[in-house]
Each structure stands twice: as C-alpha cells, then as structure tokens.
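Peer 1: With chain A held as given, fit chains Z, C and U onto it using these hints.
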Amino acid sequence: MPWGILSKEAIKSFVKKPVTISYPINETSVPDGYRGLLSFDITKCIGCGLCSQVCPTGTIRMIPDERTKTKRRPLFELAKCVFCGSCVEVCPRKAISLTKNYHTAVIRKDEITI
Amino acid sequence: MSVCDEISNVFKDKVKCFTDKFGEVWIETRIDSLKDILKYLNEKLRFDHLSTITGYDTGKEIAIIYHLLRFGKGRAEEVNIRVYTNRDNPSVPSITEIYPSALIYEREVYDLLGVKFEGHPNLKRILLPEDVPEGFHPLRKDFKL
Amino acid sequence: MAVKLPIGPIHPMLKEPMNFTFYVEGEVVVDAEPNIGFVHRGIEKLAEKKTWFQNLYLCEKVCGICSSAHQGCYAQGAEKIFEKEPPEKALYIRTLMWELERLHSHLLWLGVIMHEIGFDTMFMYTWKDRERVLDLAELISGRRVGYSINTIGGVRRDISHEAIKMAMDVANYITERAKFYERVVLTERTILDRTQGIGYLSKTDAIRLNTVGPTARASGVRRDVRQDIPYGVYEESPFSIVVDTGCDVLARIIVRIREMIISAEIIKWILFTMPKTGSIQVKLSPFTKPPENEAISRVEAPRGELFYYLKSNGSQYPERVKIRTPTFANIVSVIHMVKGHYIADIPPIVAGIDPCLSCMDRVIIVDVNKEEKKVLSHQELRRYSIKWYKKNRAWVREERR
Amino acid sequence: MPLFAKLRKWAFKRSLWAFHLNTGSCNGCDIEILDLFTPRYDVERFGIKMVGSPRHADVLVVTGPITKKSLPRVLRVYEQMPDPKYVIVVGTCGSTGGLFQGSYNTMGSVDKVLPVDAYVIGCPAKPEAIIDAFTKLMEKIERGRK
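Chains as they are written, first to last, in my numbering: chain A, 1 to 114; chain Z, 115 to 259; chain C, 260 to 660; chain U, 661 to 806.
One chain only, chain A, in its complex shape:
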C-alpha cells in the first residue's frame, strides 16, 4: 500500500471519540483509593506519634496541642509528602486518610500544610 499502514489508522482516528480530556473545564475522575492529598481528623487523634516515625520524608512533625490525649498532634507539611500512605496504614485510630484531591499546584509551599 503506497500510503502506508499508518494512514488507515489516521483516518480511523478522525471518526473516533477524541482522546484528549477537557481537564480544566471538567474535572478528571479518579478511581477509589487514589492516593491524593492527606486529610487529618484531630478529634480522632490520640497523639501517639507513630505516623511521624514511619514517614520516610519527615513530612510529619509532632507539635503541642491541647485537644489530644497526649497534648501533642502531628503537623503535616505536605510539601514534603511523597503520598506513600504509610502514615494512613500505621494510624491506630484512622485519624489520617487519603483523599481524591490531586490539585497539588501551589504558589507558596506552606499553603497545603495541615
């Protein structure tokens, strides 16, 4: 075929649904269990500090806080996070969870600290 095999593919692509997603206009849907930004529920936290010990990057730091039993709570500087989810697995009270939020572009690094 003088036109090559790819030309057939190109013509087929014209009639198919476009592959390009309309991202900034419509949100992309992510599957359940997506490892996005962390969320933290202080009411469940007991301040054990396990999460800060397993974190491979030093994202989690314990700071004093009156609301928990041990008078300290984790502070998540998410700018250092690699979204591995080991803190979620180790948390005995399920105070930390992964969300589907993938909007991680920031102007200042402390914007997403929780």
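The hints are simulated quantities; they were obtained by calculation from the structure and are not laboratory data.
Be careful, since some hints might not be right.
To be verified - Residues of chain A clear of chain C, computed beta-carbon distances all greater than 10 Å:
#	residue
1	Leu6
2	Lys17
3	Val30
4	Asp41
5	Thr43
6	Cys55
7	Ile63
8	Asp110
To be verified - When the alpha-carbon atoms are kept at most 30 Å apart in a straight line, the in silico DSBU-like pairs for lysine-lysine are as follows:
#	chain 1	residue 1	chain 2	residue 2
9	Z	Lys255	C	Lys548
10	C	Lys650	Z	Lys238
11	Z	Lys135	C	Lys650
12	C	Lys570	C	Lys535
13	C	Lys570	Z	Lys130
14	A	Lys44	C	Lys309
15	Z	Lys187	Z	Lys158
16	A	Lys17	U	Lys772
17	C	Lys343	Z	Lys130
18	C	Lys438	A	Lys16
19	U	Lys772	Z	Lys258
20	C	Lys548	Z	Lys187
21	A	Lys94	C	Lys548
22	U	Lys673	U	Lys796
23	C	Lys542	A	Lys69
24	C	Lys535	C	Lys343
25	C	Lys527	Z	Lys187
26	Z	Lys135	C	Lys438
27	C	Lys650	U	Lys709
28	U	Lys772	A	Lys109
29	C	Lys462	Z	Lys158
30	C	Lys304	Z	Lys258
Said to hold, decoys possible - Which residues of chain Z face chain U? A partial, calculated answer using Cβ under 10 Å:
#	residue
31	Leu242
32	Phe257
33	Leu259
Ideal placement from N, C-alpha and C gives every residue a C-beta, glycine not left out.
Peer 2: Chains Z, C and U only, in chain A's frame:
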C-alpha cells in the same frame, strides 16, 4: 560437581567456599589469588556475566564482592567472590582484562569508597563531581550525613 | 580531522545519566567516553539512614519508570533478610505490576525511539495507548506512576473485580496494538531506513560486555532473569523469551514489541490463575528488627537485569544497600555500538538501550584542531540527523548493501 | 495601562513556551511532563509549547533536587533565558528535597538556587496538577509581577 568443589579442588586452601541458606555460593579469598580465581571462573567454568562489584565498609576493613553468573540450561548459577582489603590504603587488582564491563563498576567503587584498582586504564571519579576534595568517599562509615 | 563531541551534561536518572564524549572523524564516530553522575543523589548512603520500611519508598524513587521493579526487587531481598515468605496471592499481584510496568515502559520507549528517528506520528499513537495501562495502574495502586504497591512481606493492596476486568481489556487491547506496531515497523520505510544495520552489537560482544535485558536479547543472547533465576510467579508461568538475531536497533524494537505481547499473555495468565481469596501480606511492624543477614536480589526490570545487594546488621537500619541499574550495565556496550557509525545515528543508538529518556540534552561539538566549540541541543542534533538522512539517504542505503 | 502593554501581556499569557530541565529527578515527573504534550492532555491547546533551547523559553520547568554536578548547568540555563522568565518546580523532591533531604550530593530544593513561581507537589505529580500550575502562573502574570 558443584562450583564450590571445583574451585576448592583447584585452589585448595587459598579459598573458603560455602553455600548460604538462600542458596548463594560465596567464595572468600585473599587479594593475591583473586585474579587467578576470576580468570579460572571466566575461562574454565564459563562464568561470563559480571553482575556488578559491590564494596562496603565494615568499619575495620573494606570488603569487595564480585557477583558472577553462569547461564546454561535451566537455572543460572550464582557465585559471589569476596575479598577484604585494609581501610587506610585499600587496593585491589583490576579485572578489566577479564571482564570489560568492570571498567565502569570499578570506577564506581573507587568513587564512593576510595578503593584503588591497580591496572585500571582510567581510574577517576564517575558519579561525584571532579572538583570534590581528595578523600571524600561517602560510603565510608566515618562519613556522616 | 579529529573532533571531540560531548553529549548531554544535564541529566535524567540516578545512575543512568549519560554524558558521552564522542571522538569523531568527519561524520564517523571513532571512540566514545562516558561521563555520568549528574543525577547521583546519594541514595545508597541515604538508605543507611532510613529504616528498612522507609527504604521501600526511597528505592522506588531510583527510577520513576521502573519504580515497581526497584521496589519489588528491594522487597524481595528484604524478605530474605527478614526470613519471611510472602503469601502466594501477593506474588501474583506483584508480578502483575511488574508486567504492567513492562508494558508501559516498552510503549514509552517505542514512542521515544520513534521520536528520535523523526517519526512523531507513532510517538503520539504509542503514548495514547500507554494511557490505558496507566489508568489500570491507577485503579490498582492509586497512582499513575510510582505504584508503591510492594511492602516487605507482600503487597499493600488487593486487586478488585473491576481492576481484573479492566486488566483483561487492557491486555487484549495491547496485544492487538503490539501486533499492529510490529506490522508498521516492518513495513514503514522511514523506520527501516533509520534503524536497519544501525548500532550493531554481535552476540560474542554482547556476552563479553555483559549486556543485559532486551539489548542483549536483540543480539541473540538468550538471557532473562525471569527464566534464569525465577522469582515471583514466573516459575509456574508459561512464557517464552523473545530473542532476535538482528543485532541492530531494528531488532531491539522488534524484541520490545514482541515482549509486550508476551507480557500481555502473562497478565492474562495471572488473572486466570490468581487465587481469588487469601491474605496478601505477612503483617510486620514497621519497626521490626531483622536478624543479621546478607541477601542478593535480582529482577528483570523493563531494561534488563536489576541487581540489589542488601546487608543487615541486626538494627532497624540497613548496613548496606547496593543497587545496580540495568542502564549502568549497558553503558559499556553503547560505547562499543556507536563506533563506526555516523553522528546522525547517535540518537537512535543511545536511545536503543532505553537509557531512561531524554539522555542527551545537549551536545557540544569541539573541534580539536581549531579549538572551536559548537553547542548543539538535543533537539538540534535530532533535527540535524533527520536532515542529514534526507540528504544522504540514497548512498547510505547503497553502502549498507 | 497603555493598550500595547495590555496586549503584550495578553499575548504572553497565552503562549508560554516551556523548557524542561532535569536536575536529578527520577524520571517520574519527566514522563508526566512529556505526557502533557501527548494526545491525552495536549497542553498545546493552551499555547504551551515545549522548546529545545532555553533561549526560546519563557518558563523553566525544573524537576529534581538540584545535584552538585548539575548546579552550574542549572544556573547557566537560567541565565540564558530571556526576560521575563518564570520557574515552575515539578515534584516533591524539587520543592523541598522530599526523600533526598540531607543527601551529600543534592542542594535540597530548587528555591535555594532559583526564584520559583509555582510548585507542583507530588511524587510524581499528576499531569492535571501540572496544568494547574501553568494556569496559576497565567493568573500570576495577569496580576503582574514582572
């Protein structure tokens, strides 16, 4: 006949050969007979694949391990040869004539541990910048982060 | 006239960054010298300061493309150190991820090599197909790249019914597409012109230089860690090793395309035979101290044999983690391959070993006699090579005959 | 604001040319950036284009914690870019050092070396987030900083 027996038959008491619990064959030897053993393994026993050269610092000495593979029918056989060299002035003969791929591996060990490979054609730093001071070898145990 | 031509100081990957100095006579390369380390991040030293479990994520970041191979290889070695056997289902899921990774890596590479030889149409098609694989990976592990699915003693996530269904679709789709690509590669003149007879590496040289992975298999060397030192569930899995005796870049393309078909087959086999229930993990506390041990772990990463040497000293922190990445093993053979070829052939040859992408960011041509320097970016080198080929096409083909 | 300056800002905002620079990342972010230029994401519809030389670029997209060996090259590339120039850092390791904090061969983060305009956190970042970063940069240009 296993590799261990063959090596022990030829090199007698120059080598100490054993199989660990994971099935890996380890040969421990001294620096002066290292090249002969590797040559024998390569030419006679057809261990023609050098996976890599590992170096680590035990605190007292520096250990160098040569990880070799032999392919054939069925499962490939693994042999690891370990030598120790002193820490103050570590030096090991280069094996680039036997295994050309060692050109890169030896440079890496030299760079990170400071082991001199006698006879290497182009022994200089490979991973760290060239302007790093003499004696900067990060994988030594006395190098603290 | 001897000309020195250094390529690529700004660099991509941990130990696989490449800056070559090519010595050229006219248009022909006579020698080459690698200079690497622009992406050396000190991972082996950092690993001594992190616990065994934290290192899972550090090892994953050695390479973003073959992340699962690195993490799996580390986990496999660490399981020997901890003397724990992972459950059967975990091995199946782990192998599934390894094969998915091979699919996405080979599709990526196919796009890159097509880009290097100036055939961007196919680059777009392959990357379009690659998205399907990434979507599946996202569904299984929760992230597109960097799956973090392995842990010491198993895997972290179970596979859902939805994922099994989708994996079946993806495997069928990729098989169909790989067959289509094979047909394109073998009939399209642009591709044949630029790849046939380029980067010749004979079988004896491939063995002598300890070449690994698809590069070696394209030279007729039947070596594949999956079969030689079986790990995961490869021992039971029926699959054949793809070997081609072409010894050139075209053979490397063909080997990788056929490997995609084999990978899809393995995925289908895994989905059929995987135990439906069962545990996926041996529970270990992240602060477990292993006994004193040393272990060697080998995995067939998409680019070839990946090697880990692990040593423990009885504490939470490893004593030594040694990593040898496949591209590091293949550098020596690249030097051998480029000798005798034209400057225009450098991009496909260097890309031919799959050196983790944009390895040649910049080219400086230094004329030794005149002490002149000419700086070429990688893009310019590519453009130059495409132009050169258009001009010299006829006699190059003549010469190769 | 004079009409011409307004027009220039409008045009600049809609034709950001990016130069991608790898300073020691693991390739994870790099393939995600390259992904932006392939059919699924296709950022060329926003006028963002990948260029092969820093001399043509408006935006420097940096990935990776700057290694000691690549540091002089990064500075040289940045100096070569014409004004006005912007820097986007993609990936956790470039933003804060991530897993490579405290290594003997990395600088830690890009903002120790270059002025950074936007960060994309993630290891690797999702392509959508990188598009977000470009959108945020466009907003920043709209507000006017340089």
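Peer 1: So, for every hint listed, does it hold in this structure?
Peer 2: Hints versus structure:
1. Distance to chain C contradicts leucine 6 of chain A as a non-interface residue, since its nearest Cβ pair spans about 6 Å, not more than 10 Å.
2. Lysine 17 of chain A, annotated as away from the interface, keeps every beta carbon of chain C farther than 10 Å; the closest lies near 12 Å.
3. Once the 10 Å rule is applied to beta carbons, valine 30 of chain A is inconsistent with being away from chain C; the minimum gap is 7 Å.
4. No beta-carbon of chain C comes within 10 Å of the beta-carbon of aspartate 41 of chain A; the shortest separation is about 20 Å.
5. No Cβ of chain C approaches the Cβ of threonine 43 of chain A within 10 Å, the least distance being about 25 Å, so the stated non-interface status holds.
6. Chain C draws cysteine 55 of chain A into its interface by the beta-carbon criterion, the shortest separation being 8 Å against a cut-off of 10 Å.
7. Distance to chain C confirms isoleucine 63 of chain A as a non-interface residue, since its nearest Cβ pair spans about 21 Å, more than 10 Å.
8. At the 10 Å boundary, the C-beta of aspartate 110 of chain A stays outside the reach of chain C, the nearest C-beta of that chain being 23 Å off.
9. Taking the CA atoms of lysine 255 of chain Z and lysine 548 of chain C, the gap is near 20 Å; set against the 30 Å cutoff, the hint holds.
10. Proximity of lysine 650 of chain C to lysine 238 of chain Z is assessed by CA-CA distance (about 41 Å); at most 30 Å being required, the pair is judged violated.
11. At most 30 Å may separate the alpha-carbon atoms for a hinted pair to count; lysine 135 of chain Z and lysine 650 of chain C exceed this at roughly 62 Å.
12. This hinted pair does not check out: lysine 570 of chain C and lysine 535 of chain C have alpha carbons roughly 35 Å apart, beyond 30 Å.
13. Between the alpha carbons of lysine 570 of chain C and lysine 130 of chain Z the distance comes to roughly 20 Å, so the proposed pair stays at or under 30 Å and holds.
14. A C-alpha spacing of about 28 Å is found between lysine 44 of chain A and lysine 309 of chain C, which places the hinted pair at or below 30 Å, so the restraint holds.
15. For the suggested pair lysine 187 of chain Z and lysine 158 of chain Z, the alpha carbons sit about 17 Å apart, so the restraint of at most 30 Å is met.
16. Annotation: proposed proximity of lysine 17 of chain A to lysine 772 of chain U is violated, straight-line Cα distance about 46 Å (limit 30 Å).
17. For the suggested pair lysine 343 of chain C and lysine 130 of chain Z, the alpha carbons sit about 28 Å apart, so the restraint of at most 30 Å is met.
18. Distance restraint check for lysine 438 of chain C and lysine 16 of chain A: the Cα-Cα separation of roughly 20 Å lies within the 30 Å cut-off, and the hinted pair is therefore satisfied.
19. With a C-alpha separation of about 23 Å, the suggested pairing of lysine 772 of chain U with lysine 258 of chain Z holds against the 30 Å cut-off.
20. For the suggested pair lysine 548 of chain C and lysine 187 of chain Z, the alpha carbons sit about 39 Å apart, so the restraint of at most 30 Å is broken.
21. Proposed proximity of lysine 94 of chain A and lysine 548 of chain C is supported: the alpha carbons are some 25 Å apart, at most 30 Å.
22. For a cut-off of 30 Å, the pair hint linking lysine 673 of chain U to lysine 796 of chain U stands: about 11 Å separates their Cα positions.
23. Using a Cα cut-off of 30 Å, the hinted pair lysine 542 of chain C and lysine 69 of chain A holds, with the two alpha carbons roughly 28 Å apart.
24. Simply put, lysine 535 of chain C and lysine 343 of chain C have alpha-carbon atoms about 22 Å apart, close enough for the 30 Å limit, and the pair holds.
25. Between the alpha carbons of lysine 527 of chain C and lysine 187 of chain Z the distance comes to roughly 27 Å, so the proposed pair stays at or under 30 Å and holds.
26. For the suggested pair lysine 135 of chain Z and lysine 438 of chain C, the alpha carbons sit about 44 Å apart, so the restraint of at most 30 Å is broken.
27. For the proposed pair lysine 650 of chain C and lysine 709 of chain U, the alpha carbon gap of about 29 Å is at most 30 Å, so the pair holds.
28. As the CA atoms of lysine 772 of chain U and lysine 109 of chain A are separated by approximately 13 Å, the hinted pair is consistent with the 30 Å bound.
29. For the hint linking lysine 462 of chain C to lysine 158 of chain Z, the alpha-carbon distance of about 20 Å falls within 30 Å, and the restraint holds.
30. Straight-line distance between C-alpha atoms of lysine 304 of chain C and lysine 258 of chain Z comes to about 9 Å, which keeps the hinted pair within the 30 Å bound.
31. Taken as an interface hint, leucine 242 of chain Z checks out: its beta carbon lies about 7 Å from the nearest beta carbon of chain U, inside 10 Å.
32. Taken as an interface hint, phenylalanine 257 of chain Z checks out: its beta carbon lies about 8 Å from the nearest beta carbon of chain U, inside 10 Å.
33. With a cut of 10 Å, the hint placing leucine 259 of chain Z at the interface with chain U holds, because the nearest CB-to-CB distance is about 5 Å.
The earlier numbered hints that this structure contradicts are 1, 3, 6, 10, 11, 12, 16, 20 and 26.
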